[in-house]
Amino acid sequence: MSFFKPKATNSTPRAPTKVPWTEKYRPKSLNDVAAQDAIVSVLKKTLQSSNLPHMLFYGPPGTGKTSTILALARDLYGPELRKTRVLELNASDDRGISVVREKIKNFSRTAVGNVSSEIRQKYPAPDFKLIILDEADMMTHDAQAALRRTMENYAKTTRFCLICNYVTRIIDPLASRCSKFRFKELSQESALNRLQYICEQENVEVEDEEVLRSLLKLTNGDLRQSITLLQSAAGFAPVVTKDILSELAGVVPDNIVSKVIEVAEIGNQKQIEKAVENIILDGYSVSELLDQLHDTLLTSVISSKSKSMLANTFSVANRRLVDGGDEHIELLNIVTQTAQALKA
Amino acid sequence: MSLWVHEFRPSNFAELDLNERLTDNLRQLCTEEELPHLLLYGPPGSGKQTRVGACLQELFGAGSRRIKIESRQLDAGGSKKLEITMVSSVYHVEITPSEAGNQDRFVVQELLKEIAQTQQIDQNAKHRYKVVVINEADHLTREAQAALRRTMEIYTSNLRIVMVATSLSPIMEPIRSRTLLVRVPAPSEDEIAKVLQSIAAAKRVSVQSDAVLHKIAATSQRNMRKAILMLEAMYAQNEQLTESAVVPLADWEAVIKKEAFEIVKSPTTSKLAEVRGTNYELLSHCIPPQIILRTLLLQILPLVDAKAAPGIIEAAALFDHRIRLGTKAIFHLEAFVARVMNVLSSR
Ligand SMILES: Nc1ncnc2c1ncn2[C@@H]1O[C@H](COP(=O)(O)OP(=O)(O)O)[C@@H](O)[C@H]1O
Ligand SMILES: [Mg+2]
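Protein chains in written order, with our numbering: chain A, 4 to 347; chain B, 11 to 357.
Keep in mind the hints are simulated off the structure, nothing from the lab.
Note that the structure is predicted; figures quoted are calculated from it, not measured.
We treat Cβ as the ideally placed atom computed from N, Cα and C, and that holds for glycine.
There could be a bad hint or two in this list.
For lysine-lysine, the following DSS-like pairs were computed, each having C-alpha atoms within a straight-line distance of at most 25 Å [as the list claims (entries may be wrong)]: (1) A:Lys277 to B:Lys225; (2) A:Lys273 to B:Lys225; (3) B:Lys90 to A:Lys106; (4) A:Lys262 to B:Lys317; (5) A:Lys106 to B:Lys204; (6) A:Lys273 to B:Lys338; (7) B:Lys275 to A:Lys308; (8) A:Lys273 to B:Lys267; (9) A:Lys277 to B:Lys268; (10) A:Lys346 to B:Lys91; (11) A:Lys106 to B:Lys91; (12) B:Lys123 to A:Lys86; (13) A:Lys273 to B:Lys136; (14) A:Lys106 to A:Lys47; (15) B:Lys123 to A:Lys108; (16) B:Lys317 to A:Lys277; (17) A:Lys277 to B:Lys204; (18) A:Lys273 to B:Lys268; (19) A:Lys27 to B:Lys136; (20) A:Lys220 to A:Lys262; (21) A:Lys310 to B:Lys267; (22) B:Lys267 to A:Lys277; (23) A:Lys27 to B:Lys123; (24) B:Lys123 to A:Lys277; (25) B:Lys204 to A:Lys108.
Which chain B residues stay away from chain A? Per the calculated CB distances, all over 10 Å, these [stated by the list, open to error]: (26) Asn35; (27) Glu109; (28) Arg152; (29) Glu153; (30) Pro184; (31) Ala255.
Okay, the calculated beta carbon distance ranges per label pair [said to hold, decoys possible]: (32) B:Arg357 to A:Ile269: 40 to 46 Å; (33) A:Glu213 to B:His16: 43 to 49 Å; (34) A:Lys262 to B:Glu272: 33 to 39 Å; (35) B:Asp200 to A:Glu205: 25 to 31 Å; (36) B:Ser356 to A:Glu213: 54 to 60 Å; (37) B:Ser356 to A:Ile269: 42 to 48 Å; (38) A:Asp294 to B:Asp34: 49 to 55 Å; (39) A:Glu192 to B:Pro298: 46 to 52 Å; (40) B:Gln83 to A:Glu213: 50 to 56 Å.
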């Protein structure tokens, strides 16, 4: 398989630093993309017909969107031709309307050169160019609207692939011009396979079967984050355990969650304030804690009035935390309100 | 003469005697060939910066301590320019993109890429990558965070990013999923007392008993920087540190403490104007409004009846959020004070 080959380095004399595992094990060809069989088989067909629609990839982080388009580009053009035929733009580029237009114009304008027969034999090497707009949901609506015209202008010579997490953030006129591909969260089995494969390649020892499963649970199935965590954990200790992984994932330990619920049940204000102060000083993430409180409390047996009060408190708190509200104040409010709700 | 806080700042892992497990883990990580991007989070004064410094030292040696500070001009779209302070050694660059407010994405787009695209100058450097330290990462706008995402993947051979934040919540999922999260808890009171003890010994401060040091540690709210500043301030005022000695608060904290007291003592609208003056004063001394609000809340709570607390806390959460999103901090501080007075006087 092609990803056994060492990654090409940018011709520097110095010994290359090894790349992080997420890059090292990024699928290099469509064949390596795991668990997105439906998408892969459609894309493979387009490889054969050498005709490609505009595309829109969407789905949660770490499900293989970027990897798939990069792999497709490689399978289409091969490593050499890819350099001149593929333009990748993402949110790290300045994507004001004019810049996008300008870059795309310059890229699309130049005619595609002749392709050596050697390359033709190995790759489909179609006549169009490919423009990848990764993280397209971060573009403003104005920029997206401008893009629509650009897409039309260069439709003959260029194919676009837009990538995003939330398809609803892409304006309709743009989305409707693309074939949509929804990337599903990876199934537990295929994600496990991938992780096991990496463990074998890197000689990572895990304590038992369950460790990799709990890893996927920690990251909600995000394979990228799972791989990052696995690599860090392997760097920390000779044998990877659940505990190491939870600590590295920023999960708030169960005993802290129970402690919070306990003080809320007792409802002594001073005790609440002290407990909150300690959690904040210990550096636990309040949004993580909120997640866990939510999962525990809203599935427990409490009155429906309490539940509704809690749900409201948690909803407001999530919003404020994401906006950068003060964690100490927020947690104090969450626990105080929880105490009130449990009394109701 | 430098402050004790600086004089006694550990510069490498060996000198870091707090939280050994965390320290061990980080050191181990820095000896690995494949350092992931890092995100250190924890309360102020818990030693995040110190640990970043120790990491750099471990990665690149003493050269990472020879730093220069410069200010850089960057294009901010069109003909606009913005300026940002860069602290750098040959091996790393430290920036605080939030200096650029909501134009911070330009910092990420321009500066980071430039750094990523240049090679390590020192041919004998231990690592091929350079490290970019991003302070106040929890203040990055969504646009700036989005700009970071692919940069973190594309330039991994030339660039490692170390982010420092007090709160994890505003950092979006795609960024978290590209970094190793390192929680840095505040040191315990015991640990602080131990450090204070060694500083006191080195500076020949006469301390009546360990209880004094524990009192400082508690008052500092487990904030090492504050605790050392307090120790130095007490030493300047007293021959000997006795158990009855008062632990001095920073000026601004003392002001807020008094403000809290006034609010609770006479929660009337006539006080409101006076309090506004105080808040203006604090803001003009560059005390961040969210910190003013939190400190005020924490000073008010011990003074009021437990039954009044939920209403006051709820108001604090509401107006803290508005401070963060709005532009007129003084409005929201004032609204908070008014609400507290209301809660208190209607009881
Ligand atoms: N379907 C998949 N098959 C194989 N590896 C995957 C898959 N999805 C994610 N990965 C792993 O996760 C990392 C991130 O995937 P990426 O394609 O960048 O995700 P995103 O959907 O966020 O663009 C890749 O480097 C790869 O190691
Ligand atoms: Mg992606």
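Outcome of the hint check:
Taken as a hint, the A:Lys277 and B:Lys225 pair is honoured in the structure, with Cα atoms around 17 Å apart against an allowance of 25 Å. Between A:Lys273 and B:Lys225 the CA atoms are separated by roughly 20 Å; this keeps the pair inside 25 Å, and the hint holds. Our distance criterion of 25 Å between C-alpha atoms is met by B:Lys90 and A:Lys106, whose separation comes to about 20 Å. For the given pair, A:Lys262 sits about 22 Å from B:Lys317 by alpha-carbon distance, which is consistent with the 25 Å threshold.
For a cut-off of 25 Å, the pair hint linking A:Lys106 to B:Lys204 is broken: about 59 Å separates their Cα positions. Straight-line distance between C-alpha atoms of A:Lys273 and B:Lys338 comes to about 32 Å, which puts the hinted pair past the 25 Å bound. Annotation: proposed proximity of B:Lys275 to A:Lys308 is violated, straight-line Cα distance about 36 Å (limit 25 Å). Only pairs whose Cα atoms come within 25 Å are accepted, and A:Lys273 paired with B:Lys267 is accepted, the gap being roughly 19 Å.
With a C-alpha separation of about 22 Å, the suggested pairing of A:Lys277 with B:Lys268 holds against the 25 Å cut-off. Simply put, A:Lys346 and B:Lys91 have alpha-carbon atoms about 56 Å apart, too far for the 25 Å limit, and the pair is violated. A distance of roughly 22 Å separates the Cα atoms of A:Lys106 and B:Lys91; the hinted pair therefore holds under the 25 Å criterion. Among the hinted pairs, B:Lys123 with A:Lys86 is consistent with the structure: their alpha-carbon atoms are about 19 Å apart, no more than 25 Å.
The suggested pairing of A:Lys273 with B:Lys136 is violated, with an alpha-carbon distance near 52 Å, which exceeds 25 Å. For the suggested pair A:Lys106 and A:Lys47, the alpha carbons sit about 29 Å apart, so the restraint of at most 25 Å is broken. Proposed proximity of B:Lys123 and A:Lys108 is supported: the alpha carbons are some 22 Å apart, at most 25 Å. Restraint check for B:Lys317 and A:Lys277: satisfied, since their Cα atoms lie roughly 17 Å apart, inside the 25 Å limit.
Distance hint between A:Lys277 and B:Lys204 is fulfilled; the C-alpha atoms sit about 23 Å from each other, no more than 25 Å. Between A:Lys273 and B:Lys268 the alpha-carbon distance is near 21 Å, which keeps this suggested pair within the 25 Å criterion. Distance check on the hinted pair: A:Lys27 and B:Lys136 sit about 21 Å apart at the alpha-carbon level, within 25 Å; holds. Restraint check for A:Lys220 and A:Lys262: the C-alpha separation of about 23 Å stays at or below 25 Å, so the hint holds.
Between A:Lys310 and B:Lys267 the CA atoms are separated by roughly 37 Å; this puts the pair beyond 25 Å, and the hint is violated. Distance check on the hinted pair: B:Lys267 and A:Lys277 sit about 19 Å apart at the alpha-carbon level, within 25 Å; holds. Restraint check for A:Lys27 and B:Lys123: satisfied, since their Cα atoms lie roughly 21 Å apart, inside the 25 Å limit. A hinted pair counts as satisfied when its Cα atoms are at most 25 Å apart, and B:Lys123 with A:Lys277 does not qualify at roughly 45 Å.
A hinted pair counts as satisfied when its Cα atoms are at most 25 Å apart, and B:Lys204 with A:Lys108 does not qualify at roughly 64 Å. Here B:Asn35 does not stay apart from chain A, with its beta-carbon only about 5 Å from theirs, under the 10 Å limit. At roughly 16 Å, the least C-beta separation between B:Glu109 and chain A is larger than 10 Å, which holds for a residue marked as non-interface. Annotated as non-interface, B:Arg152 brings its C-beta within 10 Å of a C-beta of chain A; the closest such distance is 8 Å.
With a least beta-carbon separation of about 7 Å from chain A, B:Glu153 fails to lie farther than 10 Å from that chain, contradicting its non-interface assignment. For B:Pro184, the shortest C-beta to C-beta distance to chain A comes to about 5 Å, within the 10 Å cut-off, and the non-interface label is violated. Residue placement check: B:Ala255 keeps its beta carbon more than 10 Å from all beta carbons of chain A (closest about 24 Å). The hint said 40 to 46 Å for the Cβ distance between B:Arg357 and A:Ile269, and at roughly 23 Å that hint is violated.
Against the hinted window of 43 to 49 Å, the Cβ-Cβ separation of A:Glu213 and B:His16 comes to about 48 Å, which satisfies the hint. Range check, A:Lys262 to B:Glu272: about 35 Å between beta-carbon atoms, so the 33 to 39 Å window is met. About 39 Å separates the C-beta atoms of B:Asp200 and A:Glu205, a value inconsistent with the hinted range of 25 to 31 Å. About 55 Å separates the C-beta atoms of B:Ser356 and A:Glu213, a value consistent with the hinted range of 54 to 60 Å.
Against the hinted window of 42 to 48 Å, the Cβ-Cβ separation of B:Ser356 and A:Ile269 comes to about 27 Å, which falls outside the hint. For A:Asp294 and B:Asp34, the Cβ-Cβ distance of about 28 Å falls outside the hinted range of 49 to 55 Å, so the restraint is violated. Separation of A:Glu192 from B:Pro298 is about 49 Å and conforms to the stated range, judged on CB atoms against 46 to 52 Å. For the hinted restraint 50 to 56 Å between B:Gln83 and A:Glu213, the CB-CB distance of approximately 54 Å keeps it satisfied.
The structure fails hints 5, 6, 7, 10, 13, 14, 21, 24, 25, 26, 28, 29, 30, 32, 35, 37 and 38 (numbered hints given earlier, in ascending order).
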